[in-house]
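Asker: Take a look at the letters that make up each chain.
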Amino acid sequence: MRVEVASRNAFPKVEGALRKAEKAGLRASARVLQRAVKRKLRGGYTSGDFTTGRVLNSVRIGPVEDDGRGGLAVAVYSDLTQDGEAGDPNYPLYWEFGHFNIFTRRFEHEPRWGPAFHESQEEQVDAFIAAFQRAMGGAGESGGEG
Amino acid sequence: MTSTTTTSQNLTTSTDEVVKMLRRALLEFEVGGATLGDADKLAGRLFQGTIPQNVQYPCGVLRLVNQTADGSTNGMRKVATLEVALFGRPWRQLALVEQCGDLAEQAMTQMKRTTDGLLFCRGSNRSTLPAPSAPADAETCAVRLTFSLVYWPTFLTRLITYLPPQ
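The listed protein sequences correspond, in order, to chains W and R. The opening residue of the first sequence carries number 0 in numbering that gives the first Met the number 0; numbering runs sequentially from there. The opening residue of the second sequence carries number 0 in numbering that gives the first Met the number 0; numbering runs sequentially from there.
Hints were generated in silico from the structure; no laboratory data involved. Remember, it's a predicted structure, so these values are computed and weren't measured experimentally. Cβ coordinates follow ideal geometry from the N, Cα and C atoms, glycine included. Misleading hints may appear alongside valid ones.
[Stated by the list, open to error] Label pairs and their in silico Cβ distance ranges:
no.	chain 1	residue 1	chain 2	residue 2	range
1	R	138	W	118	30 to 36 Å
2	W	109	R	157	52 to 58 Å
3	R	149	W	62	53 to 59 Å
4	W	17	R	69	25 to 31 Å
5	R	122	W	62	26 to 32 Å
6	W	70	R	14	49 to 55 Å
[Unchecked claim] Stretch by stretch, here's where chain W covers chain R in the computed footprint (C-beta under 8 Å, at least three residues):
no.	stretch
7	49 to 55
8	123 to 132
[Unchecked claim] Some chain W residues judged to face chain R by a derived CB distance under 8 Å, without partners named:
no.	residue
9	7
10	10
11	13
12	89
13	93
14	96
15	97
16	117
17	123
18	125
19	127
Please take these sequences and the hints and turn them into a complete structure.
Answerer: See below:
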């Protein structure tokens, strides 16, 4: 009779699966944030009379990347390009942080991205967990396949 | 350099008092005889919420945003961000605005209030904004600072007796 005890290093496989699940989680979180930002931008700024939808339609999700500190990160950003005055890529920044507006002749400050991020944090975390669990094969609070 | 620790009362009895106290601390903090409230800096032009029309430069605005509290302290320990935006005009005032930003950073780095509620600052973030174009006034320069605050305001803590776990 012969009994053999063998071990295989499954760590690379587990690590790869975790990394993949993390990325799926971050992408899901980013989609929540993108939706939240777009909702906030729907009415434009100030009166909304001059809303063209350019900023709203420029909200993008970047690739999941190393954050340089051992983790992963994903950006939700505006990709407005420079095409004349109206196309200043920093246009959303002026409204987010406040600026002196040459048309209204006063200080204008209408943050959208910060509040959207803040208000959707719980939903982002929920989306991350759900996507992470799906990517890991459904194991979660219910116990999965055991 | 003077510390911003103080024993004056009624600092955290309302959110408005918290913001007013932070404003005073920013304007009155002294380094080498200079304060942000000096006539050649902001004087009194550090506004709460928004900046009025026809203001002189440099000027600034502060807001307390993203206030959160969680269940671990029964909602009494608040975490918030103090946002301070400083503006100069014309663009060549940028150096002066940066100096004002340094004073603001120094004031908030030293910030701790230990009577009538507990309040302290535990981190900051600072950016010099890029030169703007329309619709923003291209001659305006700006420095934006955010400070992470932790506070136990008396308007909450006076409601019940709470002892954090040892």
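Asker: Each hint: holds or not?
Answerer: Going through the hints against the structure:
1. 138(R) x 118(W): 30 to 36 Å: Holds, since residue 138(R) and residue 118(W) (Cβ atoms, about 34 Å apart) stay within the stated range.
2. 109(W) x 157(R): 52 to 58 Å: violated, 35 Å
3. 149(R) x 62(W): 53 to 59 Å: violated, 35 Å
4. 17(W) x 69(R): 25 to 31 Å: holds, 27 Å
5. 122(R) x 62(W): 26 to 32 Å: holds, 28 Å
6. 70(W) x 14(R): 49 to 55 Å: violated, 34 Å
7. 49 to 55: holds (count 5)
8. 123 to 132: holds (count 4)
9. 7: violated, 42 Å
10. 10: violated, 34 Å
11. 13: Violated: closest Cβ of chain R sits about 32 Å from residue 13(W), beyond 8 Å.
12. 89: holds, 6 Å
13. 93: At about 4 Å, which falls below the 8 Å cut-off, the nearest Cβ of chain R leaves the hint on residue 93(W) intact, so it holds.
14. 96: OK, holds: residue 96(W) within 8 Å of chain R, min 5 Å.
15. 97: holds, 5 Å
16. 117: holds, 5 Å
17. 123: Violated, about 14 Å.
18. 125: violated, 16 Å
19. 127: violated, 18 Å
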